[in-house]
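Residue numbers (numbering that gives the first Met the number 0), protein chains in the order written: chain A, 0 to 290; chain B, 0 to 472.
Keep in mind that the hints were calculated from the coordinates and are not lab data. If you're wondering where the values come from, they're calculated on a predicted model, not measured in any experiment. Worth double-checking, as some hints may not be accurate.
Unchecked claim - Listed next, the in silico EDC-like pairs over lysine to aspartate or glutamate satisfying Cα-Cα at most 20 Å (straight line):
#: 1; chain 1: B; residue 1: 456; chain 2: A; residue 2: 62
#: 2; chain 1: B; residue 1: 323; chain 2: B; residue 2: 68
#: 3; chain 1: B; residue 1: 223; chain 2: A; residue 2: 143
#: 4; chain 1: A; residue 1: 227; chain 2: B; residue 2: 106
#: 5; chain 1: B; residue 1: 221; chain 2: A; residue 2: 143
#: 6; chain 1: A; residue 1: 67; chain 2: B; residue 2: 443
#: 7; chain 1: B; residue 1: 216; chain 2: A; residue 2: 62
#: 8; chain 1: A; residue 1: 153; chain 2: B; residue 2: 280
#: 9; chain 1: B; residue 1: 463; chain 2: A; residue 2: 96
#: 10; chain 1: B; residue 1: 326; chain 2: B; residue 2: 183
#: 11; chain 1: A; residue 1: 257; chain 2: B; residue 2: 466
#: 12; chain 1: B; residue 1: 221; chain 2: A; residue 2: 141
#: 13; chain 1: A; residue 1: 257; chain 2: B; residue 2: 102
#: 14; chain 1: B; residue 1: 463; chain 2: A; residue 2: 54
#: 15; chain 1: B; residue 1: 218; chain 2: A; residue 2: 141
Said to hold, decoys possible - Okay, the calculated bits of chain B under chain A, using three or more residues with CB under 8 Å as the criterion:
#: 16; region: 105-119
#: 17; region: 126-136
#: 18; region: 293-299
#: 19; region: 437-450
What the hints assert, rightly or not - Take a look, some chain B residues computed to stay more than 12 Å from chain A by CB distance:
#: 20; residue: 88
#: 21; residue: 165
#: 22; residue: 196
#: 23; residue: 218
#: 24; residue: 399
#: 25; residue: 402
#: 26; residue: 412
#: 27; residue: 460
#: 28; residue: 468
All residues carry an ideal CB built from backbone N, CA and C; glycine is no exception.
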Amino acid sequence: MIRYNRNVKEGLTGYLFIAPQFLLFLIFVVYPIVEGLRLSLYKVQYRTETFVGFDNYAALFGDPVFFKAVWNTVIFVVAIVLLTVAFSFFVGSAVFDKNAKYVSFIRGSYYIPVMVSMVVMSMVWSFLLNPANGLISYMAREMEMSTVNLLGNKSTVLPVVIFVTFATNVGQAIILYIAAMIGVPKDLFEAAEVDGASRLHVIRHILLPLVKPTTIYITIINIIAVLKIFVVIQLLTGGGPNNASVTLMYYLYNNAFKYNQLGVASAVGVIMFLLTLLLSVPQLKAMFNDK
Amino acid sequence: MLKKRAMTVLTAALALSVAAGCSGANSNSNSAGSADSAGGTSGAGKKEKVELSLWLTPQWKGVMDATEDGADYDSFFLYAADKFKKQYDKYDVKVNVQVVAGDQRDELLNVNLNGGTPPDMFFESVFAMGDYVHRGALAPLTDIVDDAARKDIAQGYWDNVTFGKDVYFYPFAHNPGTLAYNADIFRAAGLDSLVGGENEIKTWTLDEYNRILETLKTKLPKDKYPNAYPMALYALNNQGDTWNLAYLRMFGNKFFDDKNNLAVDDADGIKAAEWLKKVYDSGYSNPGAESVSSNDANAMFQNQQLGISFTNAVLYNNAKADMKAGKSPSFDMRLANIPSASGKPLAFTYVVGTALFNTGDKARMEASKDFIKFFSTDPELVKASKNSIPVRSSVASEFASQFPLFTAYDANAANMFSFTGNVAGYSELRQVLYPELQAMYTGEKTPAQAIKDYQSKGNAVLQKARESSVIKP
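All chains should be built: construct the whole structure from the sequences, respecting the hints.
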């Protein structure tokens, strides 16, 4: 009995320690999720809320722009995550064992765009790409080329957005990879060298498996980040031309704040939440299994 | 043991303080404005404190004139609030004025409406705010409109601000929408004969207009005006879309039917869309209209990169003020009507006025109403409407000799069409047009298909909005 009381007391101390954070988690994460779920079943009009069941979901599935947004989001997630993981692994594996000053320089160079706000980056790109008075179109005109409008062309707008987002985010992944690779025990590389392994062999059979948790982590955080891609769309393309670059988050924003369809926007939020959960759970499982 | 106990107490205190902080934030959640009865009542010899918020989109700078020292978009309302406070005996009023960008208006309002913190008042073009009447977010102002105001402001303006039986916006000024053109560019291209008078709103026939576009494209000296284009076309978002709507009426389409449904999908509507597409494809407009906003177009016009652009009275005056202050290149800027196939030009106007939000706070709503009536009727303050076009005939006649364009605008009133911005769902309808124009300019859809899709999507939006409107016809 005394032992039980002691256990409870010790547990209580622990719970009290995590209580402030848990309270914030409940207020700022759990409550909005529950409220979002509830609102997705209502039609909201200023001060009145009417229960409409799954009407908001039905409206979503009857809107071709929603499917366009889902498709574009999937393309962004796949392309940006693949590019980020592949490029950052390539840069990391190329420089991690070089001179410390050189590694710092590379890390710093790639990290600068991460520190610059996405809003600023988008505005700079917007200035460069504006078809009427942007720098790129001006140079194209000066070189007697035809009008360049990468953001107004359905086939180029997605690659441009993918490149801008990738260029802004890749620094974070490079930092993580270099840190993970520096942490790989040196004796493994020495043993491989003695056995006459090539650089490619070392990367494939030593680095790749040993930084797998980092790869999974980078993949998860990038999937979650890209699922929420918004600023670059809002400032660079406005979802256009003709919804060619609309994403789920932009679609949600439009419904919530431009069309005042709070119920429909909440339904999009619920779908995004489920999608993120679906994509993250297997990867989190893999990460925990490894540990 | 003592240490452990101390830590436990500390953790509990931290958790409690977080909870207290949260509840404190909740109790003070209404950031838009507040009525503080703790400040005392008139019975105690002190006036009750009332804090009001007034939002506006950029209109004119300065109290009366953009040339004043420190002139800004909020100058007029700060001055009006100060004057109001000095003579107001019901409450001790403080008015917080906030200028919001036009393209952020709906986002900001929707966030604040859904969060229960709408502003008390909003000064804006009526057509952009009509949806808030239909949603039940605005309160009627009929009881503060007196006979003197009814006499001084023409019935047409009252019709514009009346929804159902009630007045929801107190009209202050109006902004006629026209075209602006660079007369210097016209002359450089040899179009002297088509340049109108300095104080004239020039009317061209459609043939003349097409000739202007072609001449500007082929004969404008490139050394003097490098990278200049004949006219502005834009479709990035809904900003400045009334001009796009006007272009779609150029061949006689009525746009709305008797039941306020879109009726743009007919031979005239399609012809107008084909005309727009031809202008774009022939290089008679700036390139990339699908990715260019009206703000971009306005900046290009001010930098002499466009021969013809869109404007309204406030934009025109602001552009003139910028030229005078050396903020933008100076050139001979003049006004023209949007031409039409029939020869009768197309013109429209935005009535600008103040709306009262239904915040549910009696004191704030009462003080707001008094403030709206004060600055909309005060003989000194209403003179600021000269910065666009006054709705009051007394002000218009007082300034007629000083602003010769007032007479031109007045004469142009015969060419006005109503773009029916008061229908339920107009704000969402505005989000339907520009994607279709983008599809048309990029060649994804033919003009006929774009018009057809605009009509069917637009009518679905209008139907849905009508069903949930609180205003019953």
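Against the structure, the hints come out as follows:
Distance restraint check for residue 456 of chain B and residue 62 of chain A: the Cα-Cα separation of roughly 11 Å lies within the 20 Å cut-off, and the hinted pair is therefore satisfied. Distance check on the hinted pair: residue 323 of chain B and residue 68 of chain B sit about 14 Å apart at the alpha-carbon level, within 20 Å; holds. For the suggested pair residue 223 of chain B and residue 143 of chain A, the alpha carbons sit about 18 Å apart, so the restraint of at most 20 Å is met. Annotation: proposed proximity of residue 227 of chain A to residue 106 of chain B holds, straight-line Cα distance about 18 Å (limit 20 Å).
For the hint pairing residue 221 of chain B with residue 143 of chain A, the CA-to-CA distance comes to about 14 Å; that is within 20 Å, so the pair holds. Pair hint residue 67 of chain A plus residue 443 of chain B holds up; C-alpha atoms about 15 Å apart against a cutoff of 20 Å. Pair hint residue 216 of chain B plus residue 62 of chain A does not hold up; C-alpha atoms about 41 Å apart against a cutoff of 20 Å. For the hint linking residue 153 of chain A to residue 280 of chain B, the alpha-carbon distance of about 17 Å falls within 20 Å, and the restraint holds.
The straight-line distance between the Cα atoms of residue 463 of chain B and residue 96 of chain A is roughly 63 Å, outside the 20 Å bound, and the hint therefore fails. Restraint check for residue 326 of chain B and residue 183 of chain B: the C-alpha separation of about 19 Å stays at or below 20 Å, so the hint holds. About 19 Å separates the Cα atoms of residue 257 of chain A and residue 466 of chain B, which keeps this hinted pair within 20 Å; it holds. Between residue 221 of chain B and residue 141 of chain A the alpha-carbon distance is near 12 Å, which keeps this suggested pair within the 20 Å criterion.
A hinted pair counts as satisfied when its Cα atoms are at most 20 Å apart, and residue 257 of chain A with residue 102 of chain B qualifies at roughly 10 Å. Annotation: proposed proximity of residue 463 of chain B to residue 54 of chain A holds, straight-line Cα distance about 13 Å (limit 20 Å). Between residue 218 of chain B and residue 141 of chain A the alpha-carbon distance is near 19 Å, which keeps this suggested pair within the 20 Å criterion. Counting residues of the region 105-119 of chain B whose beta-carbon sits less than 8 Å from any beta-carbon of chain A gives 6, enough to reach three: the coverage restraint holds.
Judged by the Cβ-Cβ criterion of 8 Å, the region 126-136 of chain B is covered by chain A as claimed, because 4 of its residues qualify and three suffice. For a cut-off of 8 Å, the count of residues in the region 293-299 of chain B with a CB near a CB of chain A stands at 4, and the three-residue condition holds. Under a criterion of three residues with beta carbons nearer than 8 Å to beta carbons of chain A, the stated coverage of the region 437-450 of chain B is upheld, 6 such residues being counted. The beta carbon of residue 88 of chain B sits about 32 Å from the closest Cβ of chain A, which is more than 12 Å, so the claim that it is off the interface holds.
For residue 165 of chain B, the condition that its CB be more than 12 Å from all CB atoms of chain A holds, with the nearest at approximately 17 Å. In this structure residue 196 of chain B is separated from chain A by more than 12 Å, as the shortest Cβ-Cβ distance comes to about 30 Å. The Cβ of residue 218 of chain B sits about 19 Å from the closest Cβ of chain A, beyond the 12 Å cut-off, so the non-interface label holds. Every CB of chain A is more than 12 Å from the CB of residue 399 of chain B (nearest about 38 Å), matching its label as outside the interface.
No Cβ of chain A comes within 12 Å of the Cβ of residue 402 of chain B; the nearest lies about 32 Å off, and the non-interface call holds. Taking the minimum C-beta to C-beta distance to chain A, about 33 Å, the non-interface status of residue 412 of chain B holds against the 12 Å cut. A beta-carbon of chain A is positioned within 12 Å of the beta-carbon of residue 460 of chain B; the least distance is around 9 Å. With 12 Å as the threshold on Cβ separation, the claim that residue 468 of chain B sits away from chain A is violated: the shortest Cβ distance comes to roughly 10 Å.
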